[in-house]
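Given the sequences, and given the hints that come with them, work out the whole structure.
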Amino acid sequence: MIVEQKKLLRWLTFPATDQLRPSLINVYQQCNQRRRLWTHVCQPFTTYLIDLRLPECTLLTNYSKKLRQNIRRAKNAGIRIERDQDPTEVIRLFKPTIRAKGLRRLGQQDFATKTDLLITRAVHPQMGVLAAHAYQLDWATKTVKGVYNASAFRLYPDDKVAQYACGQANSLLYHEDFCSFGHQGFVTYDFGGYGGEAPQVDYFKDRFAGQVAQQYNYYPLWYFCVRWWRSQWKKWTHGQ
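The sequence shown runs 1 to 240 under our numbering.
Please note that a few of the clues may not be correct.
[Unchecked claim] Subject to a maximum C-alpha distance of 20 Å in a straight line, what follows is the list of computed DMTMM-like cross-link-like pairs (lysine to aspartate or glutamate): (1) LYS95 - ASP110; (2) LYS205 - ASP51; (3) LYS66 - ASP202; (4) LYS65 - ASP202; (5) LYS66 - GLU56; (6) LYS142 - ASP116; (7) LYS205 - GLU56; (8) LYS75 - GLU56.
Derived by calculation from the structure, the hints in this document are not laboratory data. Remember, it's a predicted structure, so these values are computed and weren't measured experimentally.
Encoded structure:
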């Protein structure tokens, strides 16, 4: 189970069913089973899983033809993979997406509370970092959760060649990360969501030939109400 303390709340990801208990401060995320808790509101959550126990040859066979081409071209371009816990490049590459979609700003503080954090980067010999991913590792359940993924795609709005290179680097980075996690004994990679408002993102995930899975999130009643009123307020203010 991944535990993250954020101000008043504790966010618990991948808890076992017997770890779901009444609480006013615990948020339970991505639980495999549904259980009634009088202190919480339960909401379904759809995600996308990759079996990390598969050998590399099987992973590649399962991938779409386009994905295999991207991986091969990225390797031919000499892209290397770096791994550490420095989120600087994730933050930098994510900025254009934040501006384009009006998302909340991402900064170092968003990573300070994350335990068992891993950052990976795909580095082009001439163009530098073209893709960066942030993961959290749950050693107990042998599950890796995707937290953030970013590429330099939006940094090259008028350069199709560079955009293709970014997509290829991102594909290679995912593949190399899957292989690395499998070698470390992890069983499952969880993309952290599927079926949202970005169908092109789901289309990209489908290229990896994983499995759609139904999970459940549990929010304390008071927090659920605060979130609901906040969302209604935003809708009302944006409509003025």
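Here is what the structure says about each hint:
no., hint, in the structure
1, LYS95 - ASP110, "holds (14 Å)"
2, LYS205 - ASP51, "holds (13 Å)"
3, LYS66 - ASP202, "holds (15 Å)"
4, LYS65 - ASP202, "holds (17 Å)"
5, LYS66 - GLU56, "holds (17 Å)"
6, LYS142 - ASP116, "holds (12 Å)"
7, LYS205 - GLU56, "holds (17 Å)"
8, LYS75 - GLU56, "holds (15 Å)"
Going through the hint list in order, the structure satisfies each hint without exception.
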